[in-house]
Amino acid sequence: MKTIKEWLWWLAFIPFSLWVQSHTPGLDALVVGLIVLALEERLRALLLFLPLCILIQEGIGTQPFGASFLWYAAILILLGVLHSFVEGRNFFFVVLLALAMAPLTMLLGYGLGSLQVVAPNIHTLLGKSIVQVLFTPPYWALAAWTRRWVHRV
Amino acid sequence: MSIRRLFALILCLLFLFMGLYSWNQRTATLDNVASEVGLEVLYAVFTPLHEARASIKEFWNSYIDLVDMRAENAKLVARVKELENAMLRHSENEAELKRLRELLSLPLNDDWRAIAATVLTGRMGPNAVLESVTINRGYLSGATPGTPLMTRQGLVGRILRSSAHSSTVLLLIDSGCRVAVLGQESRATGILAGRGAQYPLDVRFVDRTLGLKEGEMLITSGLDGVYPRGIPVARVISAKQTEYSQFLQVRAVPLVQMQTLENVLLMEYTGALPLGERSFSEPREIPNSPFFPPPKSSPAP
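As you go down the protein sequences, you meet chains S and H in turn. Residue numbers for the first sequence follow my numbering, beginning at 23 and rising by one. Residue numbers for the second sequence follow my numbering, beginning at 380 and rising by one.
Treat the hints with care, since some could be wrong.
Claimed, not checked - For lysine to any residue, the following SDA-like pairs were computed, each having C-alpha atoms within a straight-line distance of at most 25 Å: (1) H/Lys436 / S/Ala34; (2) H/Lys436 / S/Phe38; (3) H/Lys460 / H/Ala450; (4) S/Lys27 / H/Val424; (5) S/Lys27 / H/Lys460; (6) H/Lys436 / S/Pro37; (7) S/Lys27 / H/Leu428; (8) H/Lys436 / S/Val42; (9) S/Lys27 / H/Val420; (10) H/Lys436 / S/Trp41; (11) H/Lys436 / S/His45.
Source of the hints: derived by calculation from the structure; they are not laboratory data.
In isolation and in its complexed conformation, chain S is listed as follows (with noise of 0.2 Å):
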């Protein structure tokens, strides 16, 4: 029953998340996906969902292939480093990860868009940082809730 709903979960959180993002530019709500499984600790879940998430962002964006799997690399060591600062797995933390997100989003931007001879736009970066800083924690807090659910017996 566990494994039903675990599927029917990821199978509303991806669309959702996809529909999301199609409203705001620059989004990235899979992301809080990734954050919710390395909390939960599920390395073999991650492993399957981080491909998944790199061949979806990577496929419906305009750049060659390798910015996404930068960003969700730098997102995992992130989550490590802040652990390993930081105990918990609460609120807090995921406010902190998405702080330590926004000069992240700048440095891959800058740096991807220079490999790429593609001049990048400081005003687009700035506000693609700060709508991804304010948009994923709660969006995570809505899935963890909803992950009650999933785990509920």
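Given the coordinates of chain S, work out where chain H should sit on it, guided by the hints.
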């Protein structure tokens, strides 16, 4: 996690990234796989959403939102009668227009097949840095990379990447998009360049002696070998001479409202001419420009 292990991990990931990136630049394998997966997932998610939205809208309009229907119906009946009368009056004008078109040799070229497509979403995801939209047509239904797209108003852009059922379209307002154009009246050639969604288009390398004017329509010249000749693209909003350049400083606005795109037409070529010589209408003479050679005449069939 110790700092040394962390650095080692970051270094390994960077090496892996550079390896994947370089390999993909040469082979485009990862781009193709990602397009196939990403765009197909998008298609699977958004097509039912679109259909559901259309059904709800239709249900609402047909069965629920019927306020003032009787009065509107009476008005429409009167309007139909009025239009029928107008149509009778204009039928003779239409016949005359047909004859004049024949005289001017401006028949539409039959080598092009228009395929209707629906816009599924706008720019989405963290990697969508270019001005783009996603449509519900893939390479199985004629949307191969490079295929031009237009609406009844004018050019929209071209297919950037495609999966089996869905494609990403690069809009002509993107700062990386270039289109070879010419003025409809002055026949002055130039390169149309996007500057992002908030800014007007830039038309570069327009010879100041050729007399491109404000309000003139720009159409594709076909000289870039990407877009066929004759598609309306933009309207000139300013054409100024500068002291420092031999070219005009030209700004234009696209004929198509990119923010409200819902349906587009994919122009699939069914003829036999090579890309640079395809045209929507019969070719008209383009004046010799110092920057572009005159177009080659098409070989006799």
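Hints versus structure:
Proposed proximity of H/Lys436 and S/Ala34 is supported: the alpha carbons are some 23 Å apart, at most 25 Å. Of the pairs offered as hints, the one joining H/Lys436 and S/Phe38 holds, with about 21 Å between alpha carbons and a cut-off of 25 Å not exceeded. Distance check on the hinted pair: H/Lys460 and H/Ala450 sit about 16 Å apart at the alpha-carbon level, within 25 Å; holds. Restraint check for S/Lys27 and H/Val424: the C-alpha separation of about 20 Å stays at or below 25 Å, so the hint holds.
Distance hint between S/Lys27 and H/Lys460 is unfulfilled; the C-alpha atoms sit about 60 Å from each other, more than 25 Å. A hinted pair counts as satisfied when its Cα atoms are at most 25 Å apart, and H/Lys436 with S/Pro37 qualifies at roughly 21 Å. Proposed proximity of S/Lys27 and H/Leu428 is supported: the alpha carbons are some 23 Å apart, at most 25 Å. Taken as a hint, the H/Lys436 and S/Val42 pair is honoured in the structure, with Cα atoms around 21 Å apart against an allowance of 25 Å.
For the hint pairing S/Lys27 with H/Val420, the CA-to-CA distance comes to about 21 Å; that is within 25 Å, so the pair holds. Restraint check for H/Lys436 and S/Trp41: satisfied, since their Cα atoms lie roughly 19 Å apart, inside the 25 Å limit. Between H/Lys436 and S/His45, the direct Cα distance comes to roughly 19 Å. Compliance with the 25 Å bound is thereby established for this hinted pair.
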